[in-house]
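Top line first, the protein sequences correspond to chains A and B.
For reference, each letter of the first sequence is one residue, going 1 to 492 in our numbering.
For reference, each letter of the second sequence is one residue, going 1 to 492 in our numbering.
I should point out that these hints are in silico values taken from the structure, not numbers from a laboratory.
The list cannot tell twin chains apart, which means a pair is met if one copy fits it or any two copies do.
For lysine to aspartate or glutamate, the following DMTMM-like pairs were computed, each having C-alpha atoms within a straight-line distance of at most 20 Å:
#1 Lys-296 x Glu-81
#2 Lys-22 x Asp-10
#3 Lys-296 x Glu-80
#4 Lys-473 x Asp-279
#5 Lys-473 x Asp-66
#6 Lys-22 x Glu-227
#7 Lys-473 x Asp-307
#8 Lys-443 x Glu-415
#9 Lys-22 x Glu-424
#10 Lys-22 x Glu-422
#11 Lys-443 x Asp-307
#12 Lys-8 x Glu-219
Protein chains: 2
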Amino acid sequence: MAASLSQKNDARETQQAAARQKQDEALLDAQFELVEAGRNAVLVVIAGSDGAGKGAVANRLYDRLDAHYVETMYYGTPSEEERNRPPFWRYWRDMPARGRIGLVLGGWHHAPLLARATGEISRIEFERQLAEINRFEEMLTAEGVRLLKIWLAADEKKARKRLAALREEDGALRRPVVIEWEDVDTKKERRRLVEAGLEMARTSVGAAPWLVVPADDAEARDAAVAEALVELLQRVNSEPPAEKPAAAAAANKPGKARRGPRLDLSLKADPTTYADELDDLQDRLTEVTTARRFRKSGLVLVFEGVDAAGKGGAIRRVRAALDPRQFRVHGTSAPTDEERARPYLWRFWRNIPRRGDVGIFDRSWYGRVLVERVEGFAAEPDWRRAYDEIVDFERQVAQADYAIVKFWLAISQQEQLRRFQEREANAAKRYKLTPDDWRNRDKWAAYEAAMADMVERTSTAFAPWTIVEAEDKAYARLKVLRAIVERLEASG
Amino acid sequence: MAASLSQKNDARETQQAAARQKQDEALLDAQFELVEAGRNAVLVVIAGSDGAGKGAVANRLYDRLDAHYVETMYYGTPSEEERNRPPFWRYWRDMPARGRIGLVLGGWHHAPLLARATGEISRIEFERQLAEINRFEEMLTAEGVRLLKIWLAADEKKARKRLAALREEDGALRRPVVIEWEDVDTKKERRRLVEAGLEMARTSVGAAPWLVVPADDAEARDAAVAEALVELLQRVNSEPPAEKPAAAAAANKPGKARRGPRLDLSLKADPTTYADELDDLQDRLTEVTTARRFRKSGLVLVFEGVDAAGKGGAIRRVRAALDPRQFRVHGTSAPTDEERARPYLWRFWRNIPRRGDVGIFDRSWYGRVLVERVEGFAAEPDWRRAYDEIVDFERQVAQADYAIVKFWLAISQQEQLRRFQEREANAAKRYKLTPDDWRNRDKWAAYEAAMADMVERTSTAFAPWTIVEAEDKAYARLKVLRAIVERLEASG
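Use the sequences and the hints to build the structure in full.
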């Protein structure tokens, strides 16, 4: 009888080992295809109760995958560097490139859960944060990042025992384990944690639902997680590659042309007072950006406009009033390959200034709904969803106490031609006009329509557009400086 | 008489303005060529007395250059992020790409000067740090970074007055100014500062001498700095482009072949005790890396060896004992374009772990003296100087209390063939052998010679090589784990 039982056990173990090996191979095969295709990144979010083995699950997955293309992402108490940026900055910073798998321990979900459980944030704020998470995940999905969200559900009593045992061992934690929630101690806090955990179901949306995995049997738990990952990878690998957008898409159809806002381009600065006004505004800008309170906020400046609209000259007048240690100008040209391998907004997130600093963007994330739309570099669904994504992005930045001031510098088509000709006549080799510059002139109407849509759809209370009549350069520079100074003085 | 004086003044001012404009154009032209060529980055180090106008000089240069390709680099008290890395990490992090100009306020020179003046470091330590700076700058120069080092020399009394005036104005600093040295107050400290400043002349070496610029007349000061930059840029732009190295260079000449160390590849682990030994070593590794004192140090592991030597399997056994939040595996494949645009070691500096973490490099910076040498990807002078550069790099990391453990996994040519054939026979599509793999086998002797040189020239007391007889995988894994554990336990 004993022998027969042991034989049965042996047989079961052999079976299990064979299943595990088959799964190992399936995992590696699917990962290899993901790497080869280089189209999608995958994030495996591992969240859930403490003591349910989040660290063990990550370790086990890491073990079974090809480690060259896997990274672990873990977010504890924010570091100084992280505290000095908007909260989601750290998730963006670590975003894996296409072809790679990120194992996200706890994910962006744990911070709000913990804050809610300890009563640090209200129910309403908690729900706002969940909504933010949803939009973040939708955006990632639309950009080709695939999410597998695992919720490890442990029997609470067993989990507490396991934690206690881990803590006793030598008085130190011997084996890897994630315990962020050991602070949740009172009954009231536990109750709130359970409630908040239920609410977490609300982040189970569309393309990124939670998969609840019972965590009490380690073997079964790991097998379930691996199976889910194999399935996801196989689905991702069988997706057809996105089609290239048809060149010069919708926006160029003549029937769709919209006019921008009516502007009085005859506005001019008074040449007799210009120098004094400029000086005065620059002094005020210096004062407000060197004030102690500015160190707790930050400033993001966006300059958009057609070629030769005078963005560079305006930026120069702003810069001159700033401490050179405090700002950086970001010219937005072709993305690098590290940037192309990640969601569109990554290259802008990585350049968000620290609090107390100024980020000046000479062209910006609006490229997607301007040049990329008009020239057909982005597919129509991509630039259409960009409006909302950009508003979300700017909302996050504004909520972290940054001022955002956005400028569209407007000139007439005649003035642009005049400036182009002037450039060609001058010392010039630096200002070599490319065929692109002339071609863009042909699309004036398309750019005007794109600009009108952009201003309408992305002017928000926290990040409004300022349209600058820029036919007279002096007038434009004063208006730009005044808008920045007034914005900062008002928020002081 | 008065009229004639005023006329003279007017004439002088007109002349000055004309000279300034000519200089502006020369600056922009030269910068434009630098950008176009995309071969060199330029660092303008602006150091010198306080109150001499370092900030003003940087601001002025920034103003006159095309801001898209300029960045300001400023280093104050190290941030948390910076303190948790070797001291030079922050200079590497900000290294501008080819075609760009970095304005370095104070540079890497101010920190040792200040530390010496306040008596925080001894004269000997100060000189050691100067020598480190010299090697750093030599390496940058060899990698195509061009340095302009400006030392602003102010009349000490005037400088103190200017500082005092700046501090009084509204009680706050109104205009950009750099004052790191306001702490240097006592007579003794001032004397030491002057002495140390004289010593600084020792960093005036070879390709990167200091240019001392009198700073009392702002106009003349800015003109002198701009002139020096124009000269440097024009010299850089007229350098002939580096020649491509002749493919498969020196190392392949049969006459030069050297043998690696004699190894006993018959060494085998005892299969009856292997599992227990492995378990025991992994436990010890977990213990030592989770101990409190480990948080103040860090661990860098380097794995090198021919294809199929078993690097992945060994890394897996190490990883399994580590907390997944604590390590990252860096597979070293083709550099990204952001990496190619910077000095060779940049891609490794950016991956140096924080203190308390573990960086595992599956292939590493040794690529330059292995594959790049053998395949002729690097020119001979480049890989020859790499030995010393690597030793410098590792010395800096070791001095910041990191343990560095480096492994060469050695197998016989027969064993490699056997493993290749095994891979081809197996599930295999993941292990597709490329023509490269077979080609590399033909260069076995060349790789062996490169490896022998590498071990000889880069085995140091602080970062010795461990040669691992890897014909038996189990033996190799135990030897790797044991070397790491013993290294960490010894330093405890």
